[in-house]
Amino acid sequence: MKTVNNRAWLFVLPVVILVAFNALVPLMTVVNYSVQETFGNNLFFWQGLDWFQQVLRSDRFHAALGRQALFTVTILLIEIPLGVVIALAMPRKGVWVSVCLVLMALPLLIPWNVVGSMWNIFTLPDIGLLGYLMNDVLGIPYNMTRDPVAAWATVIAMDVWHWTSLVVLLAYAGLISIPDAYYQAAKIDGATPWAVFRYIQLPKMKRVLTIAILLRFMDSFNIYTEPFVLTGGGPGNSTTLLSIDLVKLALGQFDLGPAAAMSLIYFLITLLVSWVFYTLMTRNEN
Amino acid sequence: MAKITLDKLRHSYLPAPSRPQDYALKEINLDWRDGGAYALLGPSGCGKTTLLNIISGLLTPSEGRVLFDGVDVTGLAPDHRNIAQVFQFPVIYDTMTVRQNLAFPLRNRGLDPRHIKARVDEISEMLELTDLLDRRAAGLGPDTKQKISMGRGLVREDVNVIMFDEPLTVIDPQLKWTLRSKLKELHQKIGVTMIYVTHDQTEALTFADQVVVMQEGEIVQIGTPVELFERPGHTFVGHFIGSPGMNIIPCELRDGTACIGDFPVALAGPVKAVSQDARTEIGIRPEFVKIAGTGLPAVVRKVADLGRYTVIEAMLGEVRVSIIGPEGDAPERGSEIHLQFDPKNTRLYADGWLATEEGETR
Amino acid sequence: MTLELRNVTKRVGGETHIHETTLRLEPGEFNILLGPTNAGKTSLIKIMSGLERPTTGQIVVDGTDVTGLSPQKRNIALVHQFFVNYPHMNVFDNIASPLRVAGLPRDEIVRRVEEAADILQLRPMLKRRPDELSGGQQQRCALARAIVKESKAVFLDEPLANLDYKLREELRDQLPDLFAGRGSVVVYATSEPTEALLLGGRTALVHEGRITQFGPTAEIYRAPTDLTSAQVFSDPPINIAQVVKAKGEIRLSDTVAWQATRAAAGLADGSYTLAIRPGHVSPEKGGANAVRISGEIRITELSGSESVAHFRMGESIWISQTSGAHPYRVGEIRDFFIDTTHCFYFTPDGKLAA
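If you're matching them up, the sequences are chains Y, P and Z in order.
To convert, note that position 165 of the first sequence is 165 in our numbering; the numbers rise steadily by one, no gaps.
With positions in the second sequence counted from 1, the corresponding number in our numbering is that position plus 1000.
With positions in the third sequence counted from 1, the corresponding number in our numbering is that position plus 2000.
It should be emphasised that the hints constitute simulated quantities derived from the structure, not laboratory data.
The C-beta atom is built at its ideal place from N, Cα and C for all residues, glycine as well.
Treat the hints with caution; some may be incorrect.
If you anchor each label on the Cβ, the simulated ranges turn out as follows [unchecked claim]:
(1) Y:23 to P:1178: 50 to 58 Å
(2) Y:21 to Z:2070: 55 to 63 Å
(3) Y:99 to Z:2121: 24 to 32 Å
(4) Z:2194 to P:1273: 40 to 48 Å
(5) Z:2246 to P:1333: 42 to 50 Å
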């Protein structure tokens, strides 16, 4: 039973104002830029959808989008299963619970630019722990600043290190909300551990995993700070993800029109994918 | 199906129990016949769920043995005991249909699909679930879900015992009696041993052939529903079963005669040997107290008209006595009345335990 | 004080939760809302307490319209089915919380909390926290918080539903005394007819968002105005059958008929719905007005002091309820006797005819 009280809208008002200043005004500015050409001095020329066409047809955009999609799919494929596995392995009772939770939460507490710097130092081929270990102890040539494959692997490893914890915490919250009776019933029904996972744990985690995937999708699709600090998009353009490319376009080249068009396209893609995914995941409920 | 024996069972949740009160279950010895319907009845915290979990294997007892048909199963895990259990809150597999839910225990045991189908059809027929077989189990009401949980136990032909842990807790009062009677009917049809744990006397007395009444980790009486009602072996049983429960009135024993104040009270049978300093009480059910012109003087404290009968509460000195009277003509609140006890149903209890033998009234 | 609902309705979305209701509640006695789950009891309590606004109609307290007033401003107390206490406070602070909000002096708070704790036997537990208490004690703590406030209206929404059977009996016994003489209107929602009878007072029968009957509890139990009210106020379910009256005789089946007596004698010839409580269908022949029927025993139940038998007669299932333990056997054919002086006759549209 729900109560309808029109005064409740008043509570939402501050948020509406905040969002308006925070998002709507900048967004409208971007829209404004995306359909015009400017040479400074507040001179604008109507450009129609030209910038959009230009961006959509540019190879550079396609390449950046491709890299972005590859990055997001890869980290989702790693982080979600890994997060679930770690959550399953974590203790449900006892003193170790809080220890595990704190350990898990640690990476989430580190500022993003610090994460980039940390990994930058960590991977230096000569004095970085990882670089030294790979090159001098294991004898595997590793130099992230020269080798695109190594750069990719490092960016992905960094994201996995930084964000798998979020998935773990969400999945863990889903797991501990399952009453003991379910496990006991499954034991009595003779279910295998796999069947317990498939028919009890996974369905009960479905909601939180939907949220985890959405959050990780949006975050990774918009990722900027960490790879920028770590690789700066290089070597070459090999780790230039969409956002890095966008900044290069807008602040490096001052192509404000195309950059605005690109950010709108970027925004719409994120929105569309999130919406489609969320609709699909919640379709079967009720 | 199996006969169940509990042999010198004790359990404590503490690592090193020493005193009797450290034990959630004090020593329990029991023999349960194959195919019987049993109930464990007691208030919350009496140890009944502990006992149930020991029988099902979810808990290993600190001491003693559990035997199924004479075979020691104390150390066996639940899935090796061939038992089924229905929990307080319905457990169903959300992503499966009703049919898949019912088939799940059989599929896990690798049975022939044709056999599974036949068995599922048969059980769903009994539970009146046939129309719902292909529905997703997630959207159904709690009573239907609980039927599915029961069904998953009933489909298995190898089951030694089916256990119920307060299975009607989340069911609407209006639906409780249908499920209660359904369960009884199923027991009569299938004949598998069933153990039913509850704090609700109606559920226990309705379901079981034999009821085990527990209090503070101890069994206080085992008996048929009629025995528990008519001859409670302990004041706790008298109080716990029946509503209102049995009246328990302190009395004195003078030369083998029970006296309340200066009034001697006739008892159902001769008094057993009772130690000098034992606490002695008269136990009599409200049904067997009559308001009469003479007898024990009392003052009416409260009258409740229950339509079909009246419950009168009177103060006999400092002790409250409930009386069940006929419909209509109830005494006024505050009026003075006299009480008479039906001797055939008046018993003496010493330190809580029954202290009269059955036999001639004296 | 008095609490009135005037032409109150409640619609949510397209659904009507409460149909037009007018009700006047007085202090001094328990006002019981009796009805099955989802009948609208909780909706009514929410409307009366101000937690929800009615779609139309007014709530009037002592002649003043309070419809738009929030619960905070109405001086009411509400005890819920679940034991709602502040988990981080001990029992004393829990009980004291409404008094502290009201800004009472310290001595006064201590005095009133201790008084309430004594009534509810919570004195030894004042320093404990709610999670260290049993369910019964937790609910007593919630009740203490309700009485300490000396509210003008107290709403109890199935407060005993989650308690053990015997605890329920104990607390139910204390409840009426708890609120007696405080001059507040007490509203008690329950889904159990026996509970309503034990509490006495006045009862409103609630069915599918309507109040079907309101009056002194035992009185409306004995004289239902319509079939629905008779059904709502019966546990086990009341027996219902179609009968025909002709030539001064009530005919239940080809073989069972009896002379119409008392009120039934004045009925016009025609078809009626007969209703008789299971308590008036007995396995033993009662008086001169007992009519024999027989059927096959399907289900037997024993509830402490009473035996219940469900038996099949023709196409319908009948229920008998008697005191004591009766050894019925499932499957046997048995005679039962209906006490025709306790039969209700309803017209086809459900109104009481006799």
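So, going through the hints one by one against the coordinates:
As the Cβ distance of residue 23 of chain Y to residue 1178 of chain P is approximately 56 Å, the hint placing it in 50 to 58 Å holds. Checking the proposed 55 to 63 Å range against residue 21 of chain Y and residue 2070 of chain Z shows it is violated: the Cβ atoms sit about 32 Å from each other. Under the hint 24 to 32 Å, the C-beta atoms of residue 99 of chain Y and residue 2121 of chain Z, about 43 Å apart, miss the expected range. Our hint of 40 to 48 Å for residue 2194 of chain Z and residue 1273 of chain P holds, since their Cβ atoms are close to 42 Å apart.
Taking the beta carbon of each, residue 2246 of chain Z and residue 1333 of chain P are about 47 Å apart, inside 42 to 50 Å as hinted.
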